[in-house]
Amino acid sequence: MCATCGCGPESHHHHGHDHHHASGKKIVEVEKDILHENNLLAQRNRGFFEGRNILALNLVSSPGSGKTSLLERTLTDMKGELSFAVIEGDQQTTNDADRIHATGTKVTQINTGKGCHLDAHMVLHAVQGMKLEADSVLFIENVGNLVCPAMFDLGEQERVVVISVTEGEDKPLKYPDMFHSSTLCIINKIDLLPYVRFDVEKAKQYARQVNPSLEIIELSCTSGEGMQLWYEWLKSKVLQPA
Amino acid sequence: MHELSIVMSIVQIASKEANRNGASIVDEIELDIGVLSGVEMDSFDFAWQQGVKDSVLHQAIRHVNRVPGKGRCLDCATEFPMQQLYDACPACNSQLVDILSGRELSVKTLLVPDTAS
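Residue numbers (this note's numbering), protein chains in the order written: chain V, 1 to 242; chain S, 1 to 117.
Treat the hints with care, since some could be wrong.
[Said to hold, decoys possible] What the simulated footprint calls covered on chain S by chain V, stretch by stretch (three residues with Cβ under 8 Å from a Cβ of chain V suffice, anywhere in the stretch; the number is not a length): (1) 45-59; (2) 62-73; (3) 83-94; (4) 99-109.
In case anyone wonders, no lab produced these hints; they're calculated from the structure. For every residue, glycine included, the Cβ atom is placed at its ideal position computed from N, Cα and C.
Bound conformation, chain V alone:
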């Protein structure tokens, strides 16, 4: 799979019941999950994170919902309380990594080029170059896209989906896969609620319709309202014994 590190898992398992056809053809029983390779690498990442007690969070959202701003504020406010590192995923530029770097946090930028999502292989390589501290929090900011990243396990412990009140409240119904696979939903930019037609209760109802066990936190990283709930959520996840 990967020529530079040989990280492609070669888990061969023969089924031993291939059927031979009279026509000089044979049927090979494959029975393999299409995302098998990604899922194996994701489990490898997960094992690494667990072994070092690193809380890895996969942040997903549409472009412009405020993922990077949320991280900037979090990294600044929580400095000294928890130790952090960040992986930034974007198609192009190091703009987001530069913003994170300015907070004094260890950061790696992944540019996916034309790719619309991060996968476990990209994260594995990013992590190899990072010398992550034990007992820390790793934010993985996925490419802004509410569709494609849903399918790709990166090895994270929790998936956090961010929506903002400048979007439609029916996002959870339009993009159910992402909300279905997330454990926490952050509704961002609530300081703008007086100026936009966004029904918070409806958004929460839609989100829970897709995923009844989804936790929801409303906040604004501009005004700071609700940020404390997010910090408490983070700390509760870190304190859990590995």
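Dock chain S against the given chain V, drawing on the hints supplied.
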């Protein structure tokens, strides 16, 4: 357009399996793609045309089993067909649903020239 990644993963699996069976080409491939798997078939068809070029699958006939969605209500145990991930139980309207099928995404079989015969 994660469908291209999906196609490339299929190409990778097919190449490996074909190679293991001494085949340089795949005549037919059978896939399970559930209706709740998150794959858009139009995008998938488009990605397929591009993705299989110069691969063992370049002229393979594709058979796709669109596995229907099926859920079981965790409150009243009713089993019912699902079109969306968020379909509620038709009997008691509960959202707590265990998805029984429809999320499949796998390569089932390949048909390859039999080099042993």
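Hints, verified against the model:
1. 45-59: Violated: only 0 residues of the segment 45-59 of chain S have a Cβ under 8 Å from chain V.
2. 62-73: violated (count 0)
3. 83-94: holds (count 4)
4. 99-109: With 5 residues in contact (Cβ-Cβ under 8 Å with chain V), the coverage given for the segment 99-109 of chain S holds.
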